[in-house]
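Participant: Chains as they are written, first to last, in our numbering: chain A, 1 to 131; chain B, 132 to 499.
For the record, the hints were derived by calculation from the structure and aren't laboratory data.
Warning: the hint list may mix true and false statements.
[As the list claims (entries may be wrong)] Simulated DEER-style distance windows between Cβ atoms:
#1 A:K84 / B:R204: 55 to 65 Å
#2 A:N118 / B:K266: 24 to 34 Å
#3 B:R312 / A:S112: 37 to 47 Å
#4 B:E252 / A:N100: 22 to 32 Å
[What the hints assert, rightly or not] Stretch-level coverage of chain A by chain B, calculated; a stretch enters the list once three of its residues show a Cβ under 8 Å from a Cβ in chain B:
#5 9–17
#6 48–58
All figures in this text were calculated on a predicted structure; none of them were measured in a lab.
Every residue, glycine too, gets a C-beta built ideally from N, C-alpha and C.
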Amino acid sequence: MAQSKKLNFMVVDDSKLDCFIAEKIIKNTGKCESIRSFLQARDALAFISSTPPDEHSHTILLVDIQMPVMNGFQFVEEFEKLPKEIIEKYTIYIISSSINETDLSKVHNYKSVKQFLNKPLTSNNLSVLLG
Amino acid sequence: MKTGEKIKILYIDDEQNNLNGFKATFRFDYSVLIAANTSQAYDYLRDHSDIAVVLCDQRMPDKTGVQFFEEMRRTYPNPVRMLITGYTDIESVIDSVNRGHIFRYIKKPWTDNDVKSAIEEGHKFFLTHSLLAAKNQELQSAYDELGKFAYSITHDVRGPLLSVIGGLELVKEMSDLTEIRELLEMMAESVRKLDEYIKNTHEYYKLKRGMVQFTEIDFHTLMADIAALFRIVSINENVEFIHSVEQNEPFHSDEISIKMILSNLLSNAFNYQKKNAADKKVVVNIVVKDNKVTISVTDNGIGIHPDHIDNIFTMFYRATSEETGSGLGLYNVKDALNKLGGNISVESELNKGTTFTVNIPGNTHGSK
């Protein structure tokens with residue numbers, strides 16, 4: 001992704017507070033073109049699959065692990081079944097409070113997941129990831 | 132084994148006379164099963180899981196007693212094994228102990244008292260062993276639950292804590308007072324969620340470790356107490372709260388458990404309302420009749436999806452992403468009902484509402 005280009009962000013987390021925090025921090029970076037939060041992974045998936053990929057934009061997707069109904073891993077599994085031209089437009093980061101080894105090692109099993117981030121999201125670790 | 136029941140024993144011998152003699156001698160003291168060959172013995176072992184002691188003759192046409200025990204032990208490890216033989220060669224004694232793991236070695240001809248004392252001893256061993264096995268199973272399920280707890284703590288405790296930490300970091304960079312207030316309210320919600328988790332955990336352990344105490348319950352008073360707790364949420368959230376009690380006979384049960392059950396069901400009924408609906412309603416009906424209480428809690432809220440309805444009583448299962456839930460509430464309800472000999476059923480339609488119906492039998496022995 002080009003550094004100069006502005007980025008779209010998407011947050012998938014069942015905690016309203018965590019979504020709020022992420023939105024504020026992301027907006028404060030000044031690199032944010034648009035931001036969307038989803039409290040339910042299913043809604044996020046529905047949005048992604050029904051939105052035609054835009055050639056000129058790229059989206060950073062922050063996904064929580066432990067969510068009721070559809071958890072973060074199930075979300076990623078479904079995401080990876082989407083058409084290639086959609087998948088290419090997203091970079092996924094798993095962000096979780098989990099310190100469970102099984103969860104942490106599972107993250108490496110998914111091709112589309114770039115990195116695991118510890119909660120809470122802070123301006124510092126976000127700017128590291130944005131380079 | 133229930134007290135007063137006879138100890139069940141199985142005797143295997145290829146000589147019918149021995150079998151008959153054995154049964155005639157011991158049938159008053161024990162429940163005696165006899166088998167003329169090992170395949171018949173296996174049929175008994177399969178159909179009678181409560182056989183405590185198996186006695187077997189060493190010399191049989193198809194196999195030796197030691198061979199039988201060695202083989203039987205793999206499928207039926209619990210019954211205590213005793214070998215009966217007239218041939219007292221040291222080799223077969225060593226063999227039987229080492230390969231058949233036998234409890235006693237009885238020499239032919241036996242005296243009634245020898246056999247009796249062997250059976251009594253063997254039965255004690257069997258009981259201790261069974262008790263140990265049951266305790267082990269209890270321990271295993273306790274460990275499993277502990278594992279679930281440990282995992283849930285990372286999400287249900289660490290999650291809200293980290294959210295609050297994140298909020299505190301963020302607030303340093305904020306200046307808009309309206310936004311700060313919004314953030315503070317969400318942080319307060321996280322802290323309340325934590326408190327809820329701790330209260331539920333406490334309830335869980337109180338239930339697990341505590342004994343139920345049966346007292347006479349006046350449901351009019353009980354309902355009034357609980358209604359007082361939910362009055363504020365009913366007014367604040369604009370939910371109509373209707374409750375009725377019909378009780379014309381004394382009823383004995385554990386009041387603390389029933390209060391816990393009712394307040395959990397009510398919390399759910401109030402929590403899982405449709406956010407912006409105008410006619411939000413929670414209805415409780417309590418009917419005591421024929422020494423049984425039926426409690427129904429009905430709401431016209433979001434309902435439960437059919438995919439999740441089978442799992443709602445499972446520990447740490449949360450069927451919805453809306454509102455807060457510790458995943459312990461209904462599990463605790465079910466656990467308490469098991470202790471009281473009651474049951475719970477649920478009917479729900481998505482976006483229409485949910486009805487939980489609880490039945491609890493009265494404890495006729497009254498307070499103890």
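Participant: Does each hint fit the structure? Answer for all of them.
Facilitator: Here's how the hints hold up against the structure:
1. A:K84 / B:R204: 55 to 65 Å: Cβ of K84 of chain A to Cβ of R204 of chain B: about 59 Å, so the range 55 to 65 Å holds.
2. A:N118 / B:K266: 24 to 34 Å: Roughly 41 Å apart at Cβ, these two residues miss the hinted range, so it is violated.
3. B:R312 / A:S112: 37 to 47 Å: 38 Å Cβ-Cβ, so the 37 to 47 Å window holds.
4. B:E252 / A:N100: 22 to 32 Å: The hint (22 to 32 Å, Cβ to Cβ) is violated, given that E252 of chain B and N100 of chain A are roughly 49 Å apart.
5. 9–17: It holds, with 4 qualifying residues against the three required.
6. 48–58: violated (count 0)
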